[in-house]
Amino acid sequence: DVKVTQSSRYLVKRTGEKVFLECVQDMDHENMFWYRQDPGLGLRLIYFSYDVKMKEKGDIPEGYSVSREKKERFSLILESASTNQTSMYLCASSLWGLAARGTQYFGPGTRLLVL
Amino acid sequence: DQQVKQNSPSLSVQEGRISILNCDYTNSMFDYFLWYKKYPAEGPTFLISISSIKDKNEDGRFTVFLNKSAKHLSLHIVPSQPGDSAVYFCAASARETSGSRLTFGEGTQLTVNP
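Chains G and B, in that order, give the protein sequences. For what it's worth, the working numbering labels the leading residue of the first sequence as 1, then goes sequentially. For what it's worth, the working numbering labels the leading residue of the second sequence as 1, then goes sequentially.
Read the hints as simulated data drawn from the structure, not as lab findings. Misleading hints may appear alongside valid ones.
Stated by the list, open to error - Under the rule of at most 27 Å between Cα atoms (straight-line distance), these lysine-lysine pairs were calculated in the DSS-like manner:
| no. | chain 1 | residue 1 | chain 2 | residue 2 |
| --- | --- | --- | --- | --- |
| 1 | B | Lys5 | G | Lys57 |
| 2 | B | Lys56 | B | Lys5 |
| 3 | G | Lys70 | G | Lys3 |
| 4 | B | Lys71 | G | Lys3 |
| 5 | G | Lys57 | B | Lys37 |
| 6 | G | Lys53 | G | Lys18 |
| 7 | G | Lys13 | G | Lys55 |
| 8 | B | Lys71 | B | Lys56 |
| 9 | G | Lys53 | G | Lys71 |
Stated by the list, open to error - Here are the simulated distance ranges between beta carbons:
| no. | chain 1 | residue 1 | chain 2 | residue 2 | range |
| --- | --- | --- | --- | --- | --- |
| 10 | G | Gly97 | B | Pro9 | 18 to 24 Å |
| 11 | B | Lys56 | G | Glu17 | 46 to 52 Å |
| 12 | G | Ser8 | B | Gln2 | 25 to 31 Å |
Stated by the list, open to error - One side only, chain G facing chain B, incomplete, derived with CB under 7 Å:
| no. | residue |
| --- | --- |
| 13 | Gly42 |
| 14 | Lys57 |
| 15 | Tyr64 |
For glycine and all other residues, C-beta sits at the position ideal for the given N, C-alpha and C.
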């Protein structure tokens with residue numbers, strides 16, 4: 001059974017703190033993604049990675065960075081958390097290529113509150 | 001610019017009736033479309049998809065219709081059940097990105113009343 005896990009379900013951080021969100025998948029998927037979900041805005045792509053050490057910016061990368069040192073793990077880093085980064089963060093993974101046609105598998109999400 | 005739009009933030013239907021969720025897109029490079037369902041405190045789960053070479057795909061109570069000329073797709077749920085109450089996201093992908101990257105709509109909150 002496909003599984004994507006995220007290190008925390010809830011996090012409370014202070015403005016200016018460095019925040020790490022971890023995601024692990026056990027499906028040997030090439031692609032991994034980080035989204036944020038905000039009311040009325042849907043899921044917006046922050047960064048994605050199609051291979052180890054490879055990354056591409058999504059639609060809203062500002063204020064974020066990512067790291068993918070191993071195939072199964074994709075980390076999202078908030079270098080200096082700000083209140084406008086309060087959100088639900090969702091990690092996803094998928095196979096590479098047209099055969100997979102974009103079907104992504106999501107983790108349960110991390111709700112981050114920045115005070 | 002919002003390339004995938006779901007114009008109805010919410011929809012309420014009675015149990016047993018049909019639910020119709022709508023989605024519009026602007027990017028003509030999109031050639032594969034998906035619907036995801038999301039319960040509170042859970043990640044989205046894949047529901048059904050359709051390729052641009054088709055105009056209809058059916059899976060049990062769920063049917064997706066695609067109108068390429070209008071750049072419009074819809075998800076029909078018949079009959080609707082209370083357990084279908086969730087947020088539904090429409091998503092699209094383009095062959096040029098190897099189909100990997102998805103663009104999501106804003107979501108529609110469906111409530112099915114017993």
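Honestly, which of those hints from before does the structure not fit?
The structure conflicts with hints 4, 10, 14 and 15, although it agrees with all the remaining ones.
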